[in-house]
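Trainee: So the chains spell out like this:
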Amino acid sequence: EPEVTQTPSHQVTQMGQEVILRCVPISNHLYFYWYRQILGQKVEFLVSFYNNEISEKSEIFDDQFSVERPDGSNFTLKIRSTKLEDSAMYFCASRRQGNTGELFFGEGSRLTVL
Amino acid sequence: DAKTTQPTSMDCAEGRAANLPCNHSTISGNEYVYWYRQIHSQGPQYIIHGLKNNETNEMASLIITEDRKSSTLILPHATLRDTAVYYCIVRVNTNAGKSTFGDGTTLTVKP
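Protein chains in written order, with our numbering: chain W, 1 to 114; chain H, 115 to 225.
By construction, these hints were calculated from the structure, which means they are not laboratory data. Errors might be hidden in some of the hints.
[Said to hold, decoys possible] Covered stretches of chain W (chain H as the covering partner; in silico rule of three or more C-beta atoms under 8 Å from a C-beta of chain H): (1) 38-47; (2) 102-109.
[Said to hold, decoys possible] Coverage of chain H stretches by chain W, computed from C-beta distances (three or more under 8 Å per stretch; other residues unrestricted): (3) 152-163; (4) 213-223.
[Stated by the list, open to error] Okay, derived cross-link-like pairs now, EDC-like style, lysine to aspartate or glutamate, Cα gap no bigger than 20 Å in a straight line: (5) H:K183 <-> H:E145; (6) H:K224 <-> H:E145; (7) W:K42 <-> W:E53; (8) W:K42 <-> H:D217; (9) H:K166 <-> W:E102; (10) H:K117 <-> H:E180; (11) W:K42 <-> W:E1; (12) W:K42 <-> W:E107; (13) H:K117 <-> H:D181; (14) H:K117 <-> W:E44; (15) W:K57 <-> W:D86; (16) W:K78 <-> W:E56; (17) H:K117 <-> W:E59; (18) H:K117 <-> W:E102; (19) W:K57 <-> W:E44.
Ideal Cβ positions, reconstructed from N, Cα and C, are used throughout, including at glycine.
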């Protein structure tokens with residue numbers, strides 16, 4: 001069964017460093033998402049992406065965050081200058097075309113900022 | 115998207131049916147009910163969704179009341195592996211739309 005894959009599974013970084021989290025969505029999907037979950041808290045929406053542009057973003061997704069689909073298969077989330085409060089599990093999700101809203105999530109990338 | 119209310123936690127005996135309620139009294143006519151679950155800290159997993167008719171798939175059944183103000187997710191024969199946080203989400207089926215996760219219900223299946 002096709003699945004969303006994310007790398008790395010765990011990344012430890014120093015505050016102020018840039019981090020790139022990578023996702024390979026399911027191949028025939030056209031809508032892509034990033035969510036995050038701080039330990040013990042809710043799954044929070046960050047951004048949605050379609051047709052090579054951001055469709056919607058939350059208040060969390062400030063100018064320190066960016067997304068990109070550089071090569072037609074990968075979907076990346078970049079955090080330019082990490083803060084302690086960026087420590088969280090980051091989930092990528094994808095959805096096929098059409099109105100069915102079923103999201104397929106990856107297993108997540110755990111980011112630890114020291 | 116309409117707000118949902120779910121119990122914080124529930125227990126269920128292994129092999130019995132687990133019935134997880136969700137209240138969405140402010141749901142509008144074009145909003146669907148979706149259920150996801152999250153096992154430990156894994157990525158959320160889609161379970162089922164519906165608009166107004168009851169739905170069944172290999173994982174679960176979804177019962178939506180006639181007025182659509184509440185629904186129940188039924189796991190017919192719960193196993194220990196069904197222990198998870200279950201999220202009820204209401205949203206419009208549009209191309210762009212995000213899904214907003216609440217606190218969900220922590221279901222614990224006990225032997």
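Trainee: Now tell me, hint by hint, if it's right for this structure.
Mentor: Hint check results:
no. : hint              : in the structure
1   : 38-47             : holds (count 4)
2   : 102-109           : holds (count 7)
3   : 152-163           : holds (count 8)
4   : 213-223           : holds (count 5)
5   : H:K183 <-> H:E145 : 11 Å, holds
6   : H:K224 <-> H:E145 : 34 Å, violated
7   : W:K42 <-> W:E53   : 26 Å, violated
8   : W:K42 <-> H:D217  : 6 Å, holds
9   : H:K166 <-> W:E102 : 17 Å, holds
10  : H:K117 <-> H:E180 : 18 Å, holds
11  : W:K42 <-> W:E1    : 27 Å, violated
12  : W:K42 <-> W:E107  : 16 Å, holds
13  : H:K117 <-> H:D181 : 16 Å, holds
14  : H:K117 <-> W:E44  : 15 Å, holds
15  : W:K57 <-> W:D86   : 16 Å, holds
16  : W:K78 <-> W:E56   : 17 Å, holds
17  : H:K117 <-> W:E59  : 19 Å, holds
18  : H:K117 <-> W:E102 : 18 Å, holds
19  : W:K57 <-> W:E44   : 11 Å, holds
Taken one by one, the earlier hints fail for this structure at numbers 6, 7 and 11, listed in ascending order.
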